[in-house]
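126 is the number that the numbering used here gives to position 129 of the sequence shown; each next residue is one higher, with no gaps.
Possibly wrong hints are sitting among the right ones.
[What the hints assert, rightly or not] Here are the simulated PhoX-like pairs of lysine-lysine, each with C-alpha atoms no more than 25 Å apart in a straight line:
#1 K401 x K387
#2 K404 x K394
#3 K404 x K387
#4 K343 x K204
#5 K306 x K394
#6 K412 x K343
#7 K106 x K168
No wet-lab data here; the hints were simulated from the structure.
No experiment lies behind these values; they were computed from the predicted model shown.
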Amino acid sequence: MISRLLFIAVLVFTLITPVLIQAAVDPLSQADDAYNNGEYQRAIRWYDEALSANPNDQDVVIGRLRSLAALSRWDEVVNGASRFNLTSADTGEVSVLRAEAAVKTGNPKEALNILDNTIDLNRTEEVRIRSAALIALDRSEEAASLIRNMENEGPLDPRLSLLMGTILIEKGNISASLPYLEEAYLALPNDPDASTYLGDVATSLGKYEEALDFASSAAALNQSDPSAWVNIAYLNSRLGRYDEAIDALEHPLAVTPDDPQLLNAKAYALYLSGRGSEGRTLAEEVLRQHPGNPGAKDTLGCILLSEGKVQEATEYLEQAVEYLPRDPEVLSHLADAYHQQGMDNKAEDLYQRSLRIDGSSGRAWKGYSEVLISLERFPEAASAIAEAFKYYPGDSKLIAWEEKADKVLVDWYLKEEAANTTTSHE
């Protein structure tokens, strides 16, 4: 009798154990827990398992899209919303996901359309995404107005602070952008954009070491973003650390070895490091693969100019400026070429345009100083030399130009004083 009861108990346990385990391991609960812990890849795997059991569960679908958004996989968010026919389910969260995905995938008009046709929206989220869409459509003033209205109602969400900071940078109001960006940086430690924009501000102020710290932080947070590594390379180049610049470019090139912008950046860094022949070979290869690439033309022009092939260099640099008329470095490179040919009035104009766009280029200030000395515009030259000294303290050429400018200005002052003295005696 006891043996029979024991057998029945074992049999019942064997039968109900899988049911208990299944109940204990609920895929949706596991997925939500993983999402809440920031384990987004794991969350997606659990959501997929939940969908295999119930492919029409909207909560599961939305959770999966939310996880994809957290990983910035915006194309998959767009495709997922379409695949599961969420376009008609205009709940607040679905609309926010769809609208932000539209902005991130280059369709800001669609984002505005989604927001305009949804009633149940979180106000902060709606303003954030609408502002991002307006910025993408070059309607930054409208975005700024929306954010200021929110600011009048109380402390800003840090993501709105970040957007406001970017708007102010675009308008050239660096000092006003800083409080917004700093607030975003402190409140959003895992957002690479906050580090990126603070790095841009530091760069515009000529604080390259500080900018490099921010750029490195942004790259660490998003190692798959090639622009972060290009920025690190650029800043190292400004600091004269050309080997470090080349090393930084190896990271994105390992992912996309044929990218013409990355290859050209490496060619330019090789040129700056004194390896002009390697840089020239690489820039020429970029132009073979991508005829007309303006960045490669600029790099090749710089290398040819350094080799004394001034006319050929000028042709490449003029073509580069035609395609990149607001690139401050390209403008200053063509200014260098004009100066070497004695075309100083043209060179002066280009240096001025370059410095209006980026006043933190020591190299441009130095070239501009030399041109002003050549034009015998000594008061302006003295000011330009003072700016150049910030980047090249103790530079022998600058010291010589400063002495020349000072001598001319002192002689002029003494002549003026003598003339005034004579007039007063009469």
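Results for each hint:
Distance check on the hinted pair: K401 and K387 sit about 19 Å apart at the alpha-carbon level, within 25 Å; holds. The straight-line distance between the Cα atoms of K404 and K394 is roughly 15 Å, inside the 25 Å bound, and the hint therefore holds. A threshold of 25 Å between alpha carbons decides the hint, and for K404 with K387 the separation of about 21 Å falls inside it, so the pair holds. A distance of roughly 30 Å separates the Cα atoms of K343 and K204; the hinted pair therefore is violated under the 25 Å criterion.
Pair hint K306 plus K394 holds up; C-alpha atoms about 23 Å apart against a cutoff of 25 Å. With a CA separation close to 32 Å, the supplied pair K412 and K343 exceeds the 25 Å bound. The suggested pairing of K106 with K168 holds, with an alpha-carbon distance near 23 Å, which does not exceed 25 Å.
When each numbered hint is compared with the structure, violations occur for hints 4, 6.
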